[in-house]
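Enquirer: Letter by letter, the chains look like this.
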Amino acid sequence: MSGEPLLSVEQLQTHFRTPDGVNRAVDGVSFHVYAGETLAIVGESGCGKSVTAMSILRLIPEPPGKIAGKINFLGRDLLTLSDREMRKIRGNEISMIFQEPMTSLNPVLTVGRQIGETLRLHQGLSSAAAEQKAIEMLTLVGIPSPETRVKDYPHQLSGGMRQRVMIAIALACNPKLLIADEPTTALDVTIQAQILDLMRDLKHRVGAAIVLITHDLGVVAEVAERVVVMYAGRKVEEARVADLFANPRHPYTQGLLGAVPKLGSSLTGETTRLSEIPGLVPSLKNKIQGCVFAGRCFMATEVCHTIAPALELKAEGHAAACHYAPVEAVAA
Amino acid sequence: MWAYVIRRVLATIPVMAVVALFVFSLLYLAPGDPAAIIAGDQATPQDVERIRASLGLDRPYLVRFGAWVWDIAHGDLGTSIFTNLPVSRMIEQRIEPTLSLMVVTLILAISIAVPMGVVAAWKQGTIIDRAVMGFAVLGFSVPVFVVGYLLAYIFALELDWLPVQGYTPFERGIGPWFQNLILPAIALGGVYIALIARITRATMLEVLSQDYIRTARAKGAGQVSILFLHALKNAAVPIVTVIGIGIALLIGGAVVTESVFAIPGLGRLTVDAILRRDYPVIQGVVLLFSFVYVLVNLVIDLAYTLFDPRIRY
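Here the protein sequences come in this chain order: E and R.
Heads up: the first sequence runs through residues 0 to 331, numbered per numbering that gives the first Met the number 0.
Heads up: the second sequence runs through residues 0 to 312, numbered per numbering that gives the first Met the number 0.
The shape of chain E in the complex, shown without the other chains:
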């Protein structure tokens, strides 16, 4: 990857004011997305990955939220845009797919209307033209008999179909960046595979870059090129997918990979207990001294509890925030 990144997030901080203190949901996260690539952001529940995704489109209600840092998209800092300018980007240049297909579609509007809405907003299509385009989009995402489906309401569709409709909405205006927040989590495994295939296929056709938010490492291995691992609102590791799976540098990432069950392991007699990471994610309301993972880390020492490790390159294209991560010679 080279050249200017499509999206570069720098020192993103998303904090929420709550009655009992400030919740630092995202605390100084930086990453880049290049045109046409798929970047996965992984981490367990509550690590701030969804908040990161929503911060990019500024969908965090402010207040109580507060977004700071820089989000550069094609030379503009999204955080400095007016609401009106931001609306022109949402659903047009950057669009988003959400986790819950059952509740993310408006139950009282037809799917055609909901797909057509972005086209009417951003491309000024008439309602007839928008419906025509909506039918095309439904065909593209593989919904059978789109001419009749376009008049259906969400409750007449299955979960997988609804997620296809969400994808159709997201891709209707040919966005340059697609943010997918756990797009397959709520779906059956077979449907998950279909949706992932569809996203991969459409990515090539539309040429959009994808930021994929997930906790499912299987999904990451399947579709992503690079991975950012988040923990407690920070980025703890970043690497190409193959490098991360072959050679995780951060103890948290190692723990995550160790917690993935292996298919058929009980049949071959290799039933070993899945490794788990002891403890819980620390409260984000207190300023954390030292490494965010120190409290749960099996190799933590005194230095980990006092000095926060900087995110450093440990190998080419592979950075980790750990005092003890093994280092390879990095080509300058």
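Don't read these hints as lab results, they were simulated from the structure.
One should not assume that every hint holds.
What the hints assert, rightly or not - Capping the alpha-carbon separation at 25 Å, the derived lysine to aspartate or glutamate pairs in DMTMM-like fashion look like this: (1) Lys202(E) to Glu36(E); (2) Lys122(R) to Glu84(E); (3) Lys150(E) to Asp210(R); (4) Lys122(R) to Asp19(E); (5) Lys150(E) to Asp300(R); (6) Lys65(E) to Asp210(R); (7) Lys232(R) to Asp151(E); (8) Lys284(E) to Glu315(E); (9) Lys87(E) to Asp128(R); (10) Lys122(R) to Glu61(E); (11) Lys150(E) to Asp307(R); (12) Lys69(E) to Asp82(E); (13) Lys232(R) to Glu99(E); (14) Lys122(R) to Asp151(E); (15) Lys232(R) to Asp271(R); (16) Lys65(E) to Glu92(E); (17) Lys65(E) to Asp70(R); (18) Lys65(E) to Glu84(E); (19) Lys65(E) to Asp82(E); (20) Lys65(E) to Asp307(R); (21) Lys232(R) to Asp210(R).
Following the hints, complete the assembly by docking chain R onto the known chain E.
Expert: Frame of chain E; chain R shown alone:
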């Protein structure tokens, strides 16, 4: 759908029968003897007895009820004891002002209350929200006649913008007709506006926290479209329900409002009939009001299907 409508219309028959029985019994049990009132202070007991017999009040309860229902079924609401006019004629003469008042109030209230509730929900916790809620409490707690006299005093007597009281029939022009109705409609609509604004705010708050509102934002939809298209349509069913229930408030309030503003409508007719113990008129009017209410609720139930495609009959 049509099967449902027919079923619902048929279902109004037993409802109306119960209402009829209730209306009839209530007056039978109420104190006061119409025969004595008609006869006047100077009448002998024989006079009263004679009048009672001529009115049929000496017959047994069930016989009277049966005869009454039989007549109604044939379109005859009876004859006023006091004016000797058919009750249906009396209602016919008085229905226009009341209907006008209710329709104007309904339109005025909905077009004020719904945007109020929507904005309050959008600006939840701000001064705007608190102002709307404060107004709603006021609307609930100040009685119609106080608001009515206050409005008449300010806008009619002091500022001289609008007529103090009375009613101008619709056929004499929409302008004068409307001028006479503005103040009564505001006075009558106060409670109704408060009720609708509150339910709108509450429902909108719930809807605005839904995932599909976030989706709409992510699509780049503007605030107006989010509030009035994406959210309000989802909030419509409870709001429409309350609008329907509130019609009962309007009917009750119309009686008082018509007295305050001297509007010759059904409300005044009802009050006068009660004071004179004019049984047939009271029964006719109450029966009509009940029928309107039942009908309104049927319309509301059917209106649900317009707003929510998941509701099918």
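Enquirer: Now tell me, hint by hint, if it's right for this structure.
Expert: Now for the hints, and whether the structure bears them out:
Under the criterion of a C-alpha separation no larger than 25 Å, the hint pairing Lys202(E) with Glu36(E) is consistent with the structure, at around 9 Å. Taking the CA atoms of Lys122(R) and Glu84(E), the gap is near 22 Å; set against the 25 Å cutoff, the hint holds. A threshold of 25 Å between alpha carbons decides the hint, and for Lys150(E) with Asp210(R) the separation of about 21 Å falls inside it, so the pair holds. With a C-alpha separation of about 23 Å, the suggested pair Lys122(R) and Asp19(E) falls inside the 25 Å cut-off, and the hint holds.
The straight-line distance between the Cα atoms of Lys150(E) and Asp300(R) is roughly 24 Å, inside the 25 Å bound, and the hint therefore holds. Restraint check for Lys65(E) and Asp210(R): satisfied, since their Cα atoms lie roughly 20 Å apart, inside the 25 Å limit. Using a Cα cut-off of 25 Å, the hinted pair Lys232(R) and Asp151(E) holds, with the two alpha carbons roughly 17 Å apart. For a cut-off of 25 Å, the pair hint linking Lys284(E) to Glu315(E) is broken: about 34 Å separates their Cα positions.
Between Lys87(E) and Asp128(R) the alpha-carbon distance is near 29 Å, which puts this suggested pair outside the 25 Å criterion. Under the criterion of a C-alpha separation no larger than 25 Å, the hint pairing Lys122(R) with Glu61(E) is consistent with the structure, at around 13 Å. Pair hint Lys150(E) plus Asp307(R) holds up; C-alpha atoms about 14 Å apart against a cutoff of 25 Å. Restraint check: the Cα-Cα separation between Lys69(E) and Asp82(E) comes to about 16 Å, which is no more than 25 Å; the hinted pair holds.
Distance hint between Lys232(R) and Glu99(E) is fulfilled; the C-alpha atoms sit about 21 Å from each other, no more than 25 Å. For the hint pairing Lys122(R) with Asp151(E), the CA-to-CA distance comes to about 33 Å; that exceeds 25 Å, so the pair is violated. The suggested pairing of Lys232(R) with Asp271(R) is violated, with an alpha-carbon distance near 43 Å, which exceeds 25 Å. A distance of roughly 23 Å separates the Cα atoms of Lys65(E) and Glu92(E); the hinted pair therefore holds under the 25 Å criterion.
Annotation: proposed proximity of Lys65(E) to Asp70(R) is violated, straight-line Cα distance about 73 Å (limit 25 Å). Straight-line distance between C-alpha atoms of Lys65(E) and Glu84(E) comes to about 19 Å, which keeps the hinted pair within the 25 Å bound. With a C-alpha separation of about 15 Å, the suggested pair Lys65(E) and Asp82(E) falls inside the 25 Å cut-off, and the hint holds. Pair hint Lys65(E) plus Asp307(R) does not hold up; C-alpha atoms about 36 Å apart against a cutoff of 25 Å.
Distance restraint check for Lys232(R) and Asp210(R): the Cα-Cα separation of roughly 15 Å lies within the 25 Å cut-off, and the hinted pair is therefore satisfied.
Violated hints, listed in ascending order, are 8, 9, 14, 15, 17, 20; each of the other numbered hints is respected by the structure.
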